[in-house]
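With the sequences and hints as input, model every part of the structure.
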Amino acid sequence: MRFNVTRFVATLLVAGCAAATAGRAAAFTPDDVRQAVDRTVAPLMKQYEIPGMAIGVIADGRPHVFDYGVMSTQTGQPVAADTLFEIGSVSKTLTATLAADAQERGELSLTDPVSRYVPALQRRPFGRVTLVELGTHTAGGLPLQVPDTIRDEARLMRYLEAWQPAYAPGTRRTYSNVSVGMLGWITAKAAGGDFSTLMTQRLFAPLGMTHTYIDLPDARMANYAQGYAKDGKPVRMTGGALWREAYGVRTTAADLLRFVQANLGRADTPPQLRRAIERTHAGYVRAAPLTQDLIWEQYPYPVALPTLLEGNGMKMIVDATPASELKPPQPPRQDVWINKTGSTNGFSTYVAFIPAKRVGIVMLANRSFPNDARVEAAYRILASLVDGR
1 MRFNVTRFVA
11 TLLVAGCAAA
21 TAGRAAAFTP
31 DDVRQAVDRT
41 VAPLMKQYEI
51 PGMAIGVIAD
61 GRPHVFDYGV
71 MSTQTGQPVA
81 ADTLFEIGSV
91 SKTLTATLAA
101 DAQERGELSL
111 TDPVSRYVPA
121 LQRRPFGRVT
131 LVELGTHTAG
141 GLPLQVPDTI
151 RDEARLMRYL
161 EAWQPAYAPG
171 TRRTYSNVSV
181 GMLGWITAKA
191 AGGDFSTLMT
201 QRLFAPLGMT
211 HTYIDLPDAR
221 MANYAQGYAK
231 DGKPVRMTGG
241 ALWREAYGVR
251 TTAADLLRFV
261 QANLGRADTP
271 PQLRRAIERT
281 HAGYVRAAPL
291 TQDLIWEQYP
301 YPVALPTLLE
311 GNGMKMIVDA
321 TPASELKPPQ
331 PPRQDVWINK
341 TGSTNGFSTY
351 VAFIPAKRVG
361 IVMLANRSFP
371 NDARVEAAYR
381 ILASLVDGR
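Taking the UniProt record's numbering, the leading residue of the sequence shown gets 1, the next gets one more, and so forth.
Keep in mind that the hints are not guaranteed to be accurate.
[What the hints assert, rightly or not] Under the rule of at most 30 Å between Cα atoms (straight-line distance), these lysine-lysine pairs were calculated in the DSS-like manner:
1) Lys327 to Lys46
2) Lys230 to Lys315
3) Lys46 to Lys315
[Claimed, not checked] Pairwise CB distance ranges, derived in the manner of DEER restraints:
4) Pro43 to Lys230: 14 to 24 Å
5) Thr149 to Pro43: 42 to 52 Å
6) Ala120 to Arg62: 44 to 54 Å
7) Pro271 to Thr75: 43 to 53 Å
8) Lys46 to Ala168: 39 to 49 Å
9) Arg62 to Met157: 43 to 53 Å
10) Met157 to Pro30: 51 to 61 Å
11) Gly193 to Pro43: 38 to 48 Å
12) Ala222 to Pro119: 19 to 29 Å
13) Ala80 to Gln47: 21 to 31 Å
14) Gln122 to Asp372: 39 to 49 Å
15) Pro78 to Ala320: 42 to 52 Å
Source of the hints: derived by calculation from the structure; they are not laboratory data. Virtual Cβ for every residue (Gly too), placed ideally from N, Cα, C.
Have a look at this one:
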């Protein structure tokens, strides 16, 4: 993909100014919000035998967090404000924000080819892929998972040197941990730092996400929820190549909600970081039924539930979806539903927000359960806040 960067930055600034005039949902009391969440979450937890959940909601621009159940069935310890959940691929939205922030700092350009930062891949197909193609799953057919045989950087480089695209870059959306993992890896290389450290210094700390980690300190292990697989067996995330960049974040509902608030234009977000966040809301690729932003996925609002279910369905994860590049990129919009699912073997996450309505939701659970159930639950909760249903 090749974009007009000067024109694009100008449209970002205009879009950012427009946020101040966006419409809002009706005002709700904390009890109203609690009731809207309770009546959806209680049957959801019962149906899927979810031990614990933490739900964060932004209503009328204000944050609310509600905890349910236990963080471990073995100990019976309840989910609390400091309970840490794995958020799986929602981590990718933070990785994308770090990359956009690096562009704001002049350390990289998303329109650059990979080979500019990884000279060993010059004259290789992967070296010709652009960073924005990595961030939109349109590199040309990268696999969903990093092959199990890759355990170190040397093997990763050999794999990328040998990789051959199945499609022309920009023509198919193929969801991939390799793709976004490499975006994060290259961002750290361009910034001259360690990925986890950069995430903490440039994102977590400025946004007040003081209980968010990639490499979890021993002192916080007691707050780390136990995850449970679909069959109910206890399981937690294990490492692998590019795991930090692709799905490695552990956080609380309150911290993840702070990130959503920043995505909704929170006033105290540092200006440079605000511009980076706005850049992740631009539409780069149309891949029906969604528009692919920089990791985030968006839909024109109002949006029907079946459209969201299709966009977050398994086919969009495992199939190659025909894609068309948006040139120039679509500027950030207010009248959209923006979302991302995240899963590990024992945890399930969903994040969604509607800029025009100043509402958003984060759902964290310590059991694996289907994407469609998460999306439907979030849709009901946000609809009740926006429409009073």
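Point to revise | Hints the structure fails to honour | key: 1 and 12
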